[in-house]
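J.: Spelled out from the first residue to the last, the chains are:
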Amino acid sequence: MNMLVAENLTAGYGGVDILHSCSFAVGAGEIAVIVGPNGAGKSTAMKAILGMLPLRTGRVTLEGADITGLSPQARVAAGMGFVPQNDNVFPTLTVEENLEMGAFIRRDCYQDTMESVYALFPVLREKRRQPAGELSGGQRQQVAVGRALMTQPKVLILDEPTAGVSPIVMDELFDRIIDIARSGLSILMVEQNARQALAIADRGYVLVQGRNRFTASGETLLADPEVRRSFLGG
Amino acid sequence: MPIRKFAVPSSEAEIPDFLNAIVLLANFVVIPATAYGAQLALGALGVTLVYSVLRFANFAHGDLMAFGTAATILIVWLFQGWGVSLAPLPTAILALPLGMIITCLLALGTDRFVYRFYRHQRSPAIVFVMVSVGVMFIYNALTRFLIGVDDRRFEDGERFIVTVIGFREATGLDQGLALRTSQVLTVIVMVLVTTAVFWFLRSTRTGKSMRAYSDNEDLALLSGINPDRVVLVTWMLAASLATIAGVLYGLDKSFRPFTYFQILLPIFAAAIVGGIGQPFGAVAGGFIIAFSEVALTYAWRGFLTHILPPDLIPAGLVQILSVEYKFAVSFLILVIVLLVRPTGIIRGRVF
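Protein chains in written order, with my numbering: chain A, 1 to 234; chain B, 1001 to 1351.
If you are wondering where the hints come from, they were derived from the structure by calculation, not from laboratory data.
This structure is a prediction, so every number in the text was calculated from the model and none was measured.
Quick reminder that beta carbons are idealized off the backbone N, C-alpha and C, glycines included.
Don't take each hint at face value.
What the hints assert, rightly or not - Okay, the calculated bits of chain A under chain B, using three or more residues with CB under 8 angstroms as the criterion:
| no. | segment |
| --- | --- |
| 1 | 17 to 27 |
| 2 | 36 to 46 |
| 3 | 160 to 168 |
Stated by the list, open to error - Anything over 12 angstroms on all C-beta distances counts as not near chain A; from chain B, calculated:
| no. | residue |
| --- | --- |
| 4 | D1017 |
| 5 | D1111 |
| 6 | F1200 |
| 7 | K1208 |
| 8 | A1212 |
| 9 | Y1213 |
| 10 | D1252 |
| 11 | F1291 |
| 12 | L1296 |
| 13 | I1345 |
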């Protein structure tokens, strides 16, 4: 069953459409990756799915329920976790306070969730009293993912989680993302590092000029000679 | 042959002289500057909170202090008419909570009908600053309508804890020392209030959400933090701090609406010196400005007379600036800080 489905999204800025009838879906516990060249509309697709952009056509459903009309905040409350690409932590708040703010909408006890975030990213437990702004890029990215996990979302949406981190940190982050998916969460991410991202993807979407160009499993896309030639550098 | 009075200072004569110097310094520099510093600190804390959460320098803060003080004075008069008092403490302490509530209502009303419009327009900070200048004039007029332009003294109860004569009699020193109730009250209230504000920002859910909103507005919205609530709490804190600072300043000196417009400069200087947007910095900045202002406008001759050998006692007053120029001190410090360390002592944010 698909956890998150976005169908026929057409959207853009002002009068100009950037996305043309794009569709994406993530199954429960799956990893879906959107890749594509610069300017393909990856970020726009993400904004459209999150409700940060008015849609001209199309709809978004979460667990079968239509959420097309909801604001981004309401979508978070409905079960979408989002990790923005930039400015994704509260720099002067400590790591622990960042996680607490992630759980702001929860009225129940969130200690268990915090424990599971610390179990996933042990370094955050060590640094929990440190301001997030003083951490390294990779650690900050872990805080950002941890913050989004605090609402116990059904789907985690990541906007280029490995932008600007070293290859070693990138591998580690991808490993953690696989761990998160194995725990039953669905993951949808936009990635610049197409080859590595497709390698862990259950579904891959190659976006070109705002249209779905190739849609298949990550493995199939990596094996496809045309995809390799045009997007993965051979 | 004339007898020189200080020709052979015995060690017995030296010690009281040294004590006299310390008492003189305490009486004319340390005590007044500490009280004034505490008042500036409370004012600067309000400015810095508005700056860090609402992201603009609120020029109306001085006149918000004036309004809060005027409202409190009216309630003091009402209480005095009823014969209600808190003797030996000033009645103003009893009236203060009511004055704070009235000032909160004014600040929230202003936000509802003025600032909210610009917030929804997502206006740049400079627009907010200009709007706050307009609000400043309105508050100013409102205060004058309410209570007039005259100097008002509203300090009642026991005025002194230590009087000059009492101190001289008790210690036998030449120099006297006065400690006023308002000065002690200022420092105690300031310590309690700043501790409470720091605790609130550091440890409560609402306080943390205010810091989160100040850090990263978009992410705060995405985390489900309600911006209207953050703004509401910020204005309530700012208005309460303004009223407390204004009433303490008025008790210590006197209340005249125009003075409150003038102390906006040292308050801004304190907030910037401390690192704008940093609550702890604002408090530190308040004391730095106050001590600099008092020390630079104090005539040091009396102090030097006590500690220097007679041949070295200067003829002049040894006053670096005359008291009329006290605001120049804030300006000077402001300019130096902006040139040398624009982020302030505790690295503040410059948006």
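J.: Does each hint fit the structure? Answer for all of them.
T.: To see whether the hints hold, each was checked on the structure:
Counting residues of the segment 17 to 27 of chain A whose beta-carbon sits less than 8 angstroms from any beta-carbon of chain B gives 0, not enough to reach three: the coverage restraint is violated. By the rule of at least three residues with a Cβ nearer than 8 angstroms to a Cβ of chain B, the coverage given for the segment 36 to 46 of chain A is violated, with 0 such residues. Taking a C-beta to C-beta cut-off of 8 angstroms, the segment 160 to 168 of chain A contributes 0 residues in contact with chain B, too few for the three needed, and the coverage statement is violated. Look at D1017 (chain B): its CB is around 50 angstroms from the nearest CB on chain A, clear of 12 angstroms, so calling it non-interface holds up.
Every beta carbon of chain A lies more than 12 angstroms from that of D1111 (chain B), the smallest distance being close to 21 angstroms; the non-interface claim holds. Under the 12 angstroms C-beta cut-off, the non-interface status given to F1200 (chain B) relative to chain A holds; the minimum distance is some 14 angstroms. At the 12 angstroms boundary, the C-beta of K1208 (chain B) falls inside the reach of chain A, the nearest C-beta of that chain being 6 angstroms off. Remark: the non-interface label on A1212 (chain B) conflicts with the geometry, its nearest Cβ contact in chain A lying 5 angstroms away (cut-off 12 angstroms).
The beta carbon of Y1213 (chain B) sits about 9 angstroms from the closest Cβ of chain A, which is not more than 12 angstroms, so the claim that it is off the interface is violated. At roughly 34 angstroms from the closest C-beta of chain A, the C-beta of D1252 (chain B) stays outside 12 angstroms, upholding its exclusion from the interface. Against chain A, the non-interface label of F1291 (chain B) holds: every CB pair exceeds 12 angstroms, the least being about 28 angstroms. For L1296 (chain B), the shortest C-beta to C-beta distance to chain A comes to about 34 angstroms, beyond the 12 angstroms cut-off, and the non-interface label holds.
With a minimum CB-CB distance of about 16 angstroms to chain A, I1345 (chain B) clears the 12 angstroms threshold, and the non-interface call stands.
The structure shown violates the earlier hints numbered 1, 2, 3, 7, 8 and 9.
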